[in-house]
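Visitor: Residues per chain are reported as follows:
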Amino acid sequence: MLLTGCSGGESGPPTLTWYINPDDGGQDVLAQQCSDASGGKYKIQTSLLPRDAASQREQLARRLAAGDTSMDIMSLDPPYVPELAEPGFLAKPPHDVVQATTQDTLEGPLEGAKWNGEIVAIPFWANTQLLWYRESAAKAAGLDMAEPVTWDQLIKAAKSQDKYLGVQGVRGEAMSVWVNGLVESAGGQVVSDGQDGQDAKITLDSDAGKKAAEIIGTIGKEGLGGPGLATQDENASMIQFQGDKGSFMVNWPFIYSASKAAVEEGALDQSVVDDIRWTTWPRVDADTPSAPPLGGINLGVGAASEHQDLAWDAVQCIVSPEHQAQYFATNGNPPASAKAFDDPAVKKAYPMADTIRKSLDNAAPRPQTPYYNEISTAIQQHWTPPGDVTEDTPRETTEFIQEVLKGDALL
Amino acid sequence: MSSTVDSRARASAPEKPRGRGHLSDRARSERKLGWLLAGPAFVIMLLVTLYPIVQALWDSLFSFRLTAPGDREFVFLGNYATVLSDIVFWRDLGVTMLITVVTVAVELVLGLALALVMHSAIKSTRGLLRTAILVPYGIITVVSAFAWFYAFDITTGYVNNWFSWLPVIGPDFNWFASAGPALTVIMASEIWKTTPFISLLLLSGLAQVPGELSEAARVDGASSWQRLTRVILPNMKAAIMVAVVFRALDAFRIFDNVFIMTQGQYGTETLSLLAYRTSIGRLEIGLGSAISVILFICVMIIALVAIKIFKVDLTGGSGKGR
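So the sequences go chain by chain: A and W.
Quick note on the working numbering: the first sequence kicks off at 1 and runs consecutively.
Quick note on the working numbering: the second sequence kicks off at 1 and runs consecutively.
FYI, nobody ran anything at the bench for these hints, they're computed from the structure.
Mixed in with the good hints, there may be bad ones.
[Stated by the list, open to error] Some chain W residues judged to face chain A by a derived CB distance under 7 angstroms, without partners named:
#, residue
1, 25
2, 67
3, 88
4, 154
5, 155
6, 169
7, 174
8, 176
9, 250
10, 265
11, 280
12, 283
Backbone N, C-alpha and C fix where the C-beta goes; we use that ideal spot for every residue, glycine too.
Chain A on its own, in the form it takes in the complex (with noise of 0.2 angstroms):
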């Protein structure tokens, strides 16, 4: 901390850390043009945070109720930005930055960087889960693809042709963001008014959540996620959906980048990469739109940075559409801004990137609320094993969560 903060000294321009979760490289590259860009005012040195989310955020807590002075600028995750944002943590972005950066945002993510009604991060990238399928496996299950599928017509699919289901059922973030997006997909919503913390209202005990119980508890006591359900991540289930067994899978944009370099190793055949297509996320009912998970990151800066003024300089910089087009091409990070997906770089480098655009304006975030933690990990506790869910699983999970946030329950 004292390096970084003496670094920027007499001899050269002031030095902004920023902390930065793990990519391919991407951000370094951002810090080093933004640095360049500035023309000397200041130099972006950057921080790597843990792998998970989870571990981002309690590093990211700890150092800002500590009054870190060196947290200038932060990659976060949207789920965590209120808990943040509430204790005033992260400082107010200055209207003109909010101006500049916000113009063509699109909804979802620009929902993400608020709390409060306020926007408190600007959105540098956002994220959103396709679904992804083997063209042989649907044209076997006679499945239209070209035409919105539910959750229901998959799981048909997968039984009468034997493959198993690409889901996340391990007691993890992905098993937060697959309730969330099934919920919200049936109209539902897990927290109303998450403005309330501890008083939130937990709403999941409804016929949307009883919808999306229906479905997880399926794939899970049918065996359609495959015998590594119970523990099975994004990475899992895509090596999953890669074998011979493979069919169709909900997961993020990285799987396609991830597959190709696996041919590229010698890892996997052309073939299989060949055979992937993708659409939107299943709907829960047919007639009804999915609201498809939205993930990504939000650019925030520590509210006790010495340097605020630069980082905000230095995130309109980071987060320019050409920024975010050049992000997402080299390391398949999908932009929030509207103007970078018509970038001819990106439509190259990714075939689905129309879809993905598509997919981010439904995308709907999970809870906004300082409590979000608790309310993830309560969900991840009484969905997993998927197996294990029944009908009274959201109304469980409901007590538990009010149990716990008025603290008469550990978790």
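Here the structure of chain A is known, so what remains is to put chain W in place on it, guided by the hints.
Guide: Leaving out everything else, chain W in the frame of chain A:
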């Protein structure tokens, strides 16, 4: 030899109860030197252990979340009431005790067997044997946990192929999807990793058993088993108890293996992990501190029970337990 006897006689001489004022100049200066030598370490120990313990005790009396510093509220023993009345705590305590009892018991048996092998090995192979036995103990726990995890994981593992002849284990068997199999792997990893430690402690105890006792028993016609159970084990009781206490205290605080392999999911969570998840994961400093204090009290109880009831002398291998 005679000098040893002499030194013992001299050392035992001042043991008669004498008042502070009766200390000789030499004894006083020795005591002073002792404090000078041990003092800095003692002060550092106080700083790094006592301060956090007192801080945790203090924090445990508050409802305090790191991301809601303004809502900090004194709740006295409220956090303890929440923890002790929650099924999660008792389940985790049960898992912790199960791991402690099973691993220490198995390690004791295996450790004794390894100690006997090392003790009776011919001199030329002794060094090689000890090194080979100690290798698992030299591996960092996190590294060994990852090795075991990848060996048993359904995606990357190869163990299912080894045990495919067993009726329940096939290529699709998921070791980490339920408590039983997951705890089995965790305990196996723990046993593999720390049995060398216990065997070393037992080897030192074994070396203290006079050879002539065993020899005399052999002459009297005692079988190998009788010599082990009637002569060797009773004579190394103190070393066994020290090994059990050290390992029990260590096993009760198990964290790394569970954290890496299951993160405590599916009924494999231990008390250390619960304290970690509450303090570090949930950032509930008050509640997490209460769990840490309870964990600390549990460890103290184990140590006190061992020292007072089983009369383990932790300062020497040949204490009262003999």
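Visitor: Run every hint past the structure and note whether it holds.
Guide: The hints, checked one at a time:
| no. | hint | in the structure |
| --- | --- | --- |
| 1 | 25 | violated (50 angstroms) |
| 2 | 67 | holds (5 angstroms) |
| 3 | 88 | holds (4 angstroms) |
| 4 | 154 | holds (4 angstroms) |
| 5 | 155 | holds (5 angstroms) |
| 6 | 169 | violated (12 angstroms) |
| 7 | 174 | holds (5 angstroms) |
| 8 | 176 | holds (5 angstroms) |
| 9 | 250 | violated (25 angstroms) |
| 10 | 265 | holds (4 angstroms) |
| 11 | 280 | holds (6 angstroms) |
| 12 | 283 | holds (6 angstroms) |
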